[in-house]
Amino acid sequence: MVLARVIGTVVSTAKAPQLEGMKLSLVEKVTIPALQGTGEHVVSFDAVGANIGEVVFCVSGSSARMTEVTKGKPADLTIIAIVDSIDAHGAPVYRKSEESS
Amino acid sequence: MMIAHVIGTVVASKSAMSGPFRLLSPYGSDPLTSACSIALDPVGARHGDLVLVAQGSSCRWTSDTDEKPVDALIVGIIDLIHRHGKEVYRSDGSGV
Chain A
1 MVLARVIGTV VSTAKAPQLE GMKLSLVEKV TIPALQGTGE HVVSFDAVGA NIGEVVFCVS
61 GSSARMTEVT KGKPADLTII AIVDSIDAHG APVYRKSEES S
Chain B
102 MMIAHVIGTV VASKSAMSGP FRLLSPYGSD PLTSACSIAL DPVGARHGDL VLVAQGSSCR
162 WTSDTDEKPV DALIVGIIDL IHRHGKEVYR SDGSGV
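Chain order of the listed sequences is A and B. Using this note's numbering, the letters of the first sequence map in sequence onto residues 1 to 101. Using this note's numbering, the letters of the second sequence map in sequence onto residues 102 to 197.
Since the hints were derived computationally from the structure, they do not count as laboratory data. Cβ atoms here follow ideal geometry from the backbone N, Cα and C, with glycine treated the same way. Take these hints with a grain of salt, some might be off.
Unchecked claim - Chain B regions said to be covered by chain A (calculated; three or more residues, Cβ under 8 Å): (1) 103-111; (2) 115-125; (3) 133-139; (4) 146-159; (5) 162-175.
To be verified - Computed list of lysine-lysine pairs in DSS-like fashion (alpha-carbon distance at most 30 Å, straight line): (6) Lys29/A to Lys187/B; (7) Lys187/B to Lys96/A; (8) Lys96/A to Lys15/A; (9) Lys169/B to Lys23/A; (10) Lys23/A to Lys187/B; (11) Lys73/A to Lys169/B; (12) Lys15/A to Lys29/A; (13) Lys115/B to Lys169/B; (14) Lys15/A to Lys187/B; (15) Lys29/A to Lys96/A; (16) Lys71/A to Lys169/B; (17) Lys71/A to Lys29/A; (18) Lys71/A to Lys115/B; (19) Lys73/A to Lys23/A; (20) Lys187/B to Lys71/A.
To be verified - Here are the simulated distance ranges between beta carbons: (21) Tyr190/B to Pro17/A: 50 to 60 Å; (22) Gly129/B to Pro17/A: 42 to 52 Å; (23) Pro92/A to Trp162/B: 49 to 59 Å; (24) Glu188/B to Glu20/A: 27 to 37 Å; (25) His89/A to Pro143/B: 31 to 41 Å; (26) Lys71/A to Val144/B: 22 to 32 Å; (27) Leu181/B to Pro17/A: 52 to 62 Å; (28) Gly157/B to Glu98/A: 32 to 42 Å; (29) Thr163/B to Gly72/A: 16 to 26 Å; (30) Ser97/A to Lys187/B: 15 to 25 Å; (31) Gly72/A to Gly177/B: 26 to 36 Å; (32) Ser192/B to Pro17/A: 45 to 55 Å.
Modelling step: build the complete structure from the supplied sequences, incorporating the hints.
This is how it looks when you write it as structure tokens:
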């Protein structure tokens with residue numbers, strides 16, 4: 001899985017019929033410990049209802065289809081979790097409750 | 102399989118998959134500039150451990166992960182690595 005921040009949404013009208021009604025989120029992969037964007041922007045399905053600004057992690061490949069939301073869909077990237085906290089090298093590097101959005 | 106250092110822990114209460122989840126730094130990569138990877142940890146790895154990580158659909162070939170949305174799985178904690186007949190890594194069993 002890869003750590004990322006939700007930075008927007010993507011709308012598409014002409015699309016595969018299986019994608020009707022599916023939410024597409026724009027996410028940017030982030031580094032540790034600064035949670036800085038790497039500049040790599042990708043579009044992800046969302047199994048948990050993440051909002052803009054939230055830190056999440058995404059599952060890729062065929063595993064992206066293993067959620068209720070994406071089962072049987074042409075998905076290769078899905079947000080499966082909204083991060084509450086991260087500890088790295090023994091110190092807290094992220095607390096969702098302390099972040100102003 | 103990938104070799105990686107465990108550098109931390111991620112907690113996520115709203116999740117399609119229950120943890121624990123560890124932060125990984127792939128062996129030889131720079132965590133300050135590369136995207137951070139996360140793996141499910143059913144074996145109880147600790148900060149500082151060098152671990153074996155299965156990636157892709159192969160992660161779902163365990164009873165805990167069958168049909169689950171997981172693409173990186175810690176499958177072992179490394180005790181010893183020999184390369185060209187020489188010991189290059191030995192765990193002292195304490196993590197860091």
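Hints versus structure:
For the region 103-111 of chain B, the stated coverage by chain A holds: 4 residues have a C-beta nearer than 8 Å to a C-beta of that chain, and at least 3 were required. Residues of the region 115-125 of chain B lying with their CB closer than 8 Å to a CB of chain A number 6, which satisfies the three-residue condition for coverage. Coverage of the region 133-139 of chain B by chain A holds in this model, with 7 residues showing a Cβ closer than 8 Å to a Cβ of that chain against a need of three. Look at the region 146-159 of chain B against chain A: 3 of its residues bring a Cβ nearer than 8 Å to a Cβ of that chain, three or more, so the hint holds.
With 6 residues having a beta carbon nearer than 8 Å to a beta carbon of chain A, the region 162-175 of chain B meets the requirement of three or more and the stated coverage holds. Under the criterion of a C-alpha separation no larger than 30 Å, the hint pairing Lys29/A with Lys187/B is inconsistent with the structure, at around 37 Å. With a C-alpha separation of about 45 Å, the suggested pairing of Lys187/B with Lys96/A is violated against the 30 Å cut-off. Distance hint between Lys96/A and Lys15/A is unfulfilled; the C-alpha atoms sit about 34 Å from each other, more than 30 Å.
Proximity of Lys169/B to Lys23/A is assessed by CA-CA distance (about 20 Å); at most 30 Å being required, the pair is judged to hold. Our distance criterion of 30 Å between C-alpha atoms is broken by Lys23/A and Lys187/B, whose separation comes to about 52 Å. A hinted pair counts as satisfied when its Cα atoms are at most 30 Å apart, and Lys73/A with Lys169/B qualifies at roughly 15 Å. Of the supplied pair hints, the one linking Lys15/A and Lys29/A holds, its CA atoms being roughly 25 Å apart against a limit of 30 Å.
Restraint check for Lys115/B and Lys169/B: satisfied, since their Cα atoms lie roughly 15 Å apart, inside the 30 Å limit. The straight-line distance between the Cα atoms of Lys15/A and Lys187/B is roughly 55 Å, outside the 30 Å bound, and the hint therefore fails. For the hint linking Lys29/A to Lys96/A, the alpha-carbon distance of about 17 Å falls within 30 Å, and the restraint holds. Note on Lys71/A and Lys169/B: the hinted pairing holds, with a Cα-Cα distance of about 11 Å set against a maximum of 30 Å.
Using a Cα cut-off of 30 Å, the hinted pair Lys71/A and Lys29/A holds, with the two alpha carbons roughly 24 Å apart. As the CA atoms of Lys71/A and Lys115/B are separated by approximately 19 Å, the hinted pair is consistent with the 30 Å bound. About 12 Å separates the Cα atoms of Lys73/A and Lys23/A, which keeps this hinted pair within 30 Å; it holds. For the given pair, Lys187/B sits about 47 Å from Lys71/A by alpha-carbon distance, which is inconsistent with the 30 Å threshold.
A hinted range of 50 to 60 Å for the beta carbons of Tyr190/B and Pro17/A is consistent with their spacing of about 51 Å. A hinted range of 42 to 52 Å for the beta carbons of Gly129/B and Pro17/A is consistent with their spacing of about 44 Å. A beta carbon spacing of about 34 Å between Pro92/A and Trp162/B contradicts the range 49 to 59 Å that was offered as a hint. The given range of 27 to 37 Å is broken by Glu188/B and Glu20/A, whose C-beta atoms sit roughly 57 Å from each other.
Here the CB-CB span from His89/A to Pro143/B is close to 23 Å, at odds with the stated 31 to 41 Å. For Lys71/A and Val144/B, the Cβ-Cβ distance of about 28 Å falls inside the hinted range of 22 to 32 Å, so the restraint holds. Look at Leu181/B against Pro17/A: about 53 Å separates their beta carbons, and that is inside 52 to 62 Å. The hint said 32 to 42 Å for the Cβ distance between Gly157/B and Glu98/A, and at roughly 35 Å that hint holds.
The beta-carbon spacing between Thr163/B and Gly72/A, approximately 23 Å, falls within the hinted interval of 16 to 26 Å. A hinted range of 15 to 25 Å for the beta carbons of Ser97/A and Lys187/B is inconsistent with their spacing of about 48 Å. At roughly 33 Å, the beta carbons of Gly72/A and Gly177/B sit within the given window of 26 to 36 Å. Hint check: Ser192/B to Pro17/A, Cβ distance near 52 Å, so the stated range 45 to 55 Å holds.
Violated hints, listed in ascending order, are 6, 7, 8, 10, 14, 20, 23, 24, 25, 30; each of the other numbered hints is respected by the structure.
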